[in-house]
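Trainee: Respectively, the protein sequence lines represent chains A and B.
So for the first sequence, the numbering used here puts the first residue at 1; every next one is plus one.
So for the second sequence, the numbering used here puts the first residue at 113; every next one is plus one.
Hints in this document: simulated from the structure, not taken from any laboratory.
None of these values were measured; they are calculated from a predicted model.
A portion of the hints provided could be inaccurate.
For lysine to any residue, the following SDA-like pairs were computed, each having C-alpha atoms within a straight-line distance of at most 25 Å [said to hold, decoys possible]: (1) A:LYS71 with B:LEU157; (2) B:LYS153 with A:PRO112; (3) B:LYS152 with A:SER85; (4) B:LYS153 with A:GLN6; (5) B:LYS152 with A:GLU42; (6) B:LYS153 with A:ALA70; (7) B:LYS153 with A:GLU58.
Now the stretches of chain B that chain A is said to cover, found in silico as 3 or more residues with beta-carbon under 8 Å [unchecked claim]: (8) 150–162; (9) 183–195.
Coverage of chain A stretches by chain B, computed from C-beta distances (three or more under 8 Å per stretch; other residues unrestricted) [to be verified]: (10) 2–11; (11) 30–42; (12) 45–51.
Backbone N, C-alpha and C fix where the C-beta goes; we use that ideal spot for every residue, glycine too.
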Amino acid sequence: DQQVKQNSPSLSVQEGRISILNCDYTNSMFDYFLWYKKYPAEGPTFLISISSIKDKNEDGRFTVFLNKSAKHLSLHIVPSQPGDSAVYFCAASEGNNNDMRFGAGTRLTVKP
Amino acid sequence: ETGVTQTPRHLVMGMTNKKSLKCEQHLGHNAMYWYKQSAKKPLELMFVYSLEERVENNSVPSRFSPECPNSSHLFLHLHTLQPEDSALYLCASSHLTGVGYTFGSGTRLTVV
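In isolation and in its complexed conformation, chain A is listed as follows:
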């Protein structure tokens, strides 16, 4: 039962352009959403989050958009930099922080 889905396993973007990573979820009870970034040989690190009471959260070059009616969220990175090349995981939880569900990840490659 995969409640969080990232349907694009990979994405390649030119440096300086916008990267858009997408995530869909099925559980309407999810009320907190997060994006994690993972470099090879390291654990995922928290990047940005959004609660269900908002539809947008911005932090520097990173913006997360939430469309609750479509059960869809996206991460925008602009401008993209080669150092952004990593695997990005979408995650969601239902109030209780003890049960966070993750997507399969999207590998972003930013080309110089």
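Place chain B on chain A using the hints.
Mentor: What follows is chain B alone, placed relative to chain A:
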């Protein structure tokens, strides 16, 4: 270092061996987690410990046995594993009511 330390970083074991993975955090978190990351799959939640009590066991085979002796340490005891158990095993910790998890760098396990 994220504050969550996992050892060893790499482990190769035979199917008849017994080994243990260790996780340690000194972030003052009161919940700890074991996740399994297989290639191209979502992070799979294996076990959750909240206030040192196991609160979730997601149908994990008995050849995986967790132990949480205190709020700072978490172990995953392994015995008679199968080759399909080869994966990256990630430990994470969090506050019960906090935002997001802090992950360790993981243990890359190969079962031969």
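Trainee: The structure should be examined with respect to each hint, and the outcome stated for every one.
Mentor: For each hint, the structure was consulted:
{"no.": "1", "hint": "A:LYS71 with B:LEU157", "result": "holds, 22 Å"}
{"no.": "2", "hint": "B:LYS153 with A:PRO112", "result": "violated, 28 Å"}
{"no.": "3", "hint": "B:LYS152 with A:SER85", "result": "holds, 17 Å"}
{"no.": "4", "hint": "B:LYS153 with A:GLN6", "result": "holds, 10 Å"}
{"no.": "5", "hint": "B:LYS152 with A:GLU42", "result": "holds, 16 Å"}
{"no.": "6", "hint": "B:LYS153 with A:ALA70", "result": "holds, 23 Å"}
{"no.": "7", "hint": "B:LYS153 with A:GLU58", "result": "violated, 28 Å"}
{"no.": "8", "hint": "150–162", "result": "holds (count 7)"}
{"no.": "9", "hint": "183–195", "result": "violated (count 0)"}
{"no.": "10", "hint": "2–11", "result": "holds (count 3)"}
{"no.": "11", "hint": "30–42", "result": "holds (count 5)"}
{"no.": "12", "hint": "45–51", "result": "holds (count 3)"}
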